[in-house]
Structures are given as structure tokens and as C-alpha cells.
Amino acid sequence: MSESSSRASAVPPAVAVTGVWKSFDRGRVPVLADANFTVTRGEMVALWGPSGSGKSTLLHLAGGLDLPDRGEIRVLGEPIDSEAARVQLRRAAVGFVFQLHHLIPDLTIDENCAVPALAAGQPVAATRDRIAELVAAVGLTHRRTHRVQDLSGGERQRVAICRALMNRPAVILADEPTGSLDEETADKVFALFRDLVHRSGTTLLLATHERRFAEACDRVLRVSHGRVQPI
Amino acid sequence: MSFLRLVRVNLRRHWVRTLIGVAGIAFGCAAMLTILSIVLGAIGMFERILDTDSQVLVFERNVSDLFFSSVPEAAAGEIRNLPGVAAAHPVLFGIVSAPDHPIVTCFGVERDNPRLAQATWLAGARDRFGTAGEVVVGERAAAFLNVGAGDHLPLGHGGFTVGGVIRTANGFEDGGVFLPLAAAQEFFHREKIASVVAVKLADGARAAAFKAAVARRFPSLIALENREFARGYSQFRILKLTGWAVGVCAFLLGGLGVANTMLMSVFNRIRELAILRVCGFSRAQVARLVVAEALAMAAAGLATGLALGFALLALIEAVPQLNGYVQATVRPTVLAGIAGTALCTALAGALYPAWFATRIEPAEALRYE
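Residue numbers (numbering that gives the first Met the number 0), protein chains in the order written: chain P, 0 to 230; chain B, 0 to 368.
These are computed hints drawn from the structure, not numbers from a lab. Think of the CB as a built atom: it goes at the ideal place given N, C-alpha and C, for glycine as much as any other residue. One thing to keep in mind: the hints can contain errors.
[To be verified] Computed from the model, here is a short list of chain P residues facing chain B with C-beta under 10 angstroms:
#1 W20
#2 Q87
#3 D109
#4 A118
#5 R193
#6 L195
Go ahead and model the full structure; you've got the sequences and the hints to work with.
Pasting the structure below:
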């Protein structure tokens with residue numbers, strides 16, 4: 000083993016899911032059964048599978064939004080088994096993009112983007128600069144002061160992408176980010192999203208049921224019957 | 000974007016609901032300010048009446064109201080001769096009706112009572128006080144009874160001639176009628192009786208010795224320094240207690256309004272609060288947001304309520320029928336008490352909604368998108 004590959008292996012993976020089980024309704028609805036996978040840093044990995052297969056649940060668990068019944072999840076090598084660790088994870092290490100953008104409708108584009116910075120207590124000037132950079136990257140500079148309720152679906156999703164990238168997270172967890180858009184807009188938004196993630200060197204874990212988006216990633220993991228298998 | 004901006008957006012989004020919450024607090028503040036100011040103003044007026052050139056008040060022990068107190072005039076004479084007494088002035092209180100005015104307060108006083116000496120005589124002459132069949136009226140009483148010097152003043156089943164009009168230091172006396180003590184005793188059928196004896200001591204520091212002397216010599220009477228009287232007089236205590244109780248009840252209603260508003264606000268944006276958690280808000284930050292919204296409502300309600308309360312007080316003081324009986328006193332302690340109660344009420348109202356908001360599980364809230 001060369002020195003460089005030895006150093007690389009010493010770096011913990013971005014996401015490591017080990018023997019994770021998860022069910023709902025007091026065990027009556029099993030979702031994940033011994034799920035195992037890792038995502039290395041900078042990698043773009045798609046979780047591909049039909050609706051209800053457990054993709055979203057995996058993202059929620061990886062982002063510390065939910066707890067597994069069994070098994071362990073580590074993000075950037077750190078366990079996320081305490082509330083404090085999960086809050087810190089969401090503030091600094093991961094960003095979420097959802098199928099429905101989940102923006103705050105009465106806030107402007109700038110203000111929606113600023114929410115993660117506010118949670119993390121980022122300095123105002125740095126926040127302002129970062130928002131300008133991100134909003135320019137998604138082509139919405141001319142609408143920065145518009146409330147998001149006045150934007151189109153594609154524009155809203157672009158704002159959601161900006162918000163996810165706001166605190167420069169190491170990992171982006173995207174749950175069907177183009178699922179609510181028409182095909183043409185979805186292609187455009189996904190291309191933009193992929194480009195932004197790629198350029199920033201961020202790790203992407205994408206849940207999708209659309210093959211074409213899954214195949215645009217570095218690696219595809221199939222989620223089926225609660226298990227995760229490489230394709 | 001600041002934390003306050005989030006608070007403002009949330010409150011503005013459902014502005015009608017927010018206004019209802021603010022109105023609840025505002026009415027509580029206004030009620031408390033108005034009631035307490037009137038009560039404390041009335042008490043203050045009475046205290047100033049007592050303070051007119053005297054330090055100690057002698058009256059009947061265990062009496063519930065000074066209007067029912069009976070101090071024998073002979074006792075007043077003896078008190079005058081007790082060691083350390085510079086002056087002792089018996090005063091008889093009485094209430095009588097006049098045409099269109101069911102309540103007219105009367106003060107039976109001697110010619111040398113300092114009230115008359117210290118008053119500004121707007122009409123008539125002080126040395127005429129005591130002339131048979133004549134009374135002196137306060138400036139406000141003259142206005143609402145519509146009488147002047149030389150006019151006939153019907154009181155109860157009889158009447159007097161107005162011998163003079165005076166302006167005194169406080170509205171309560173200004174709204175009253177001054178009778179010579181003997182005439183008042185006859186008019187109210189309380190011959191040889193006074194309600195109180197206001198005592199001026201040669202040395203105010205010797206009040207304790209004077210009080211002990213009164214207790215020994217007149218077991219049925221009690222002597223209290225003015226500040227003791229104001230603190231311990233049961234009518235004042237009841238008035239103050241009632242004022243605070245009514246105010247607090249008004250606030251409880253306001254607090255329920257805030258709790259309802261905040262609860263609705265939290266229930267209506269469960270997903271939004273979940274998103275804040277997704278974006279890195281801790282449970283404490285979410286609770287702070289809800290509490291800050293309640294406090295912002297309380298602050299708006301407090302400002303509105305105080306403005307409303309001051310307007311109400313001005314209105315009440317301007318009502319001619321209440322001239323002389325209502326002199327609102329807005330004390331800093333009352334304002335601080337109202338502000339404190341408003342903020343505590345809002346905090347209490349926000350507790351459950353804040354707790355509920357912190358229990359929102361992001362994954363659970365987002366699962367059903």
C-alpha cells in the first residue's frame with residue numbers, strides 16, 4: 000500500500016452507515032433492515048429505489064433528523080448519537096435539499112439563505128458575502144429581495160440549494176430535489192445543483208427514483224426491501 | 000437576517016391573531032393602570048388631607064371607616080393638653096346629598112384649622128368662617144354645585160349660604176364643603192363628636208411617647224402616625240388589594256390570549272419549525288423564538304395598554320361629576336409592576352407553546368410532505 004493511499008484510508012468517510020435498522024409505528028412498519036454503506040469524501044452517491052423503499056429515511060438518519068433502532072451512523076468520522084452532536088452536525092457538516100423546497104414563504108431569498116447562518120451564529124458580513132456568491136451562482140441575483148412565495152418552482156428549488164450550501168457543509172443530503180419540477184426545469188436545476196456540489200468538492204448523497212439523475216452520480220446504491228446494495 | 004426579523008415575520012404573518020393577543024395584554028395593562036392609579040390617587044389624596052400640618056391621627060380603635068369613627072370632643076381637648084402636643088384639630092367627616100349630586104363630602108372644622116389657613120381664598124374672607132348659617136366650599140365643589148359666594152346651597156334637608164370659595168392642595172378637599180365644627184355636629188346629629196383629631200407634635204420624633212400616652216389615657220382610641228395609618232387602614236388595604244386583584248385578573252385573561260395565539264402559531268407552522276431544526280436551530284433556539292414572539296406581543300400590548308390607560312385616566316379626570324374625587328396618581332412602582340406583570344403573563348403564556356415547539360421532531364414533521 001502506497002503512502003498516499005494509506006493517508007487516504009486514514010481519513011474517515013463522509014458518511015458511514017453500519018448495520019442500521021429502522022422501523023415505524025412501534026416496529027409494525029419495518030423500513031431498513033441491516034443497511035450498510037459508506038460514502039467517501041467528495042463522492043456523489045445516488046440512493047436509487049422506488050417510493051417507500053427507505054431512501055428518505057436513510058437521509059434523515061444520516062442528517063441526524065431521526066435515530067436508528069439499531070446500528071451506527073457516523074458522519075465525517077463522528078458518531079451522531081447525542082442531541083448536541085446532531086445539532087452541531089446540522090449546523091456545520093450537512094445541508095439538506097428536499098423535494099418540496101421547504102422555504103419560509105414570507106422571507107426573501109436572502110433571508111431564507113441566511114437561516115442556517117443565523118442558527119450557527121455566523122458573522123453578518125460573512126453571511127452577506129456568502130449569500131451574494133451563492134445567489135449569483137444560481138442566477139437569482141436580480142431577485143434577492145423578492146419573497147420566495149413570489150418565485151417559480153424552479154427558482155424556489157435553486158434558493159433551497161443555496162440555503163443547503165450556506166454554511167459550506169461537507170455533505171449535502173438531497174431528497175428527490177427535482178421531484179416537484181417539470182422535466183425541463185428538473186434537468187436544468189439538477190445540472191446546476193450537480194455543478195455547484197462538484198465545484199465545491201462537497202459530498203453528495205442523493206435520494207432519487209429517477210434513473211437518469213442516479214446515473215449522473217459517481218456511484219449508485221439501490222435501496223430495496225430495507226437493504227442497500229451497490230449496482 | 001436577524002433573529003428579530005424572524006420574530007417580526009412570524010407575528011406579521013397572522014396579524015389578526017397577533018392583534019388579538021396584543022389587545023388582551025393591552026386591556027390588562029390599561030385596566031391595571033386605570034384602577035391602581037385611581038385607587039392610589041384616592042388614597043394619596045386622603046393622605047395629603049391627613050398631612051395638613053399634622054403628624055399623628057387619633058381616631059376610634061377598630062373602626063372600619065373613618066366616617067364611622069367617633070372621638071368625643073372632650074378627648075380632643077385633653078389631647079391638646081398632652082405633653083409634646085403643639086396643636087390638635089378635631090375634624091368631623093360627613094356625607095350628604097345635594098340636588099343632582101348624591102354625594103357631597105363635608106368637613107366640620109374649627110376656625111383655626113390649618114386647612115383653611117393654607118387654602119387660597121377665591122371668594123369670601125377667612126375671618127367670616129363660623130358665621131351662623133354659612134359654609135365654605137372648595138373650588139371644584141363650587142363648580143359642580145354651581146354656587147358662588149353669597150349663593151344659597153341646598154344640602155340634605157336644609158341649606159346654607161356660601162360664605163366663601165377656597166382652593167386647597169388636593170382635589171378631594173376641593174370637592175367638599177367646609178362647615179364650622181359645631182354646625183357640622185348639629186347637621187349630622189353628632190353633637191360633641193369628631194371623626195378624627197389631627198395632631199401636630201412639637202417634636203415629631205416623640206410620636207411614640209404621644210401614641211403611648213393616648214393608649215393609656217383613651218383605651219377606645221388609637222393614635223397612628225400618618226404613614227402608619229396609610230399603611231394599616233383597612234379601607235386602603237382593601238382598595239389596594241382590590242386594585243391589584245382586578246388588574247391581575249385582567250392580565251390572566253390577557254395571558255390566556257397570548258397562550259392561545261402562540262399555541263395556534265406553533266401548531267400552524269410545525270413544518271416550518273422543523274425546517275429551522277433541519278437548518279441547525281437547537282431546541283433552545285426554537286424555544287427562544289417562540290418566547291421572543293410572546294414577549295414582543297407583550298411589549299406591544301404594554302405600550303398600547305399604557306397609552307390607553309393614560310387616555311382613560313385623562314378622560315375620567317375630565318368628567319365633571321368626578322371632579323374632586325378622582326385624582327389619578329401614576330407611580331413608577333405601579334408602572335414597573337404593570338410592565339413586570341405583562342412580561343410574566345406573556346412568558347407564562349408562551350411556556351407550553353415553546354415546550355411543544357421544542358418537542359417537534361423534524362423527521363416526523365417532514366415525513367408526511
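Subject >> Ascending list of hint numbers which this structure does not respect >> reply: Checked against the structure, the hints that fail are numbers 1, 5, 6, while the rest are satisfied.
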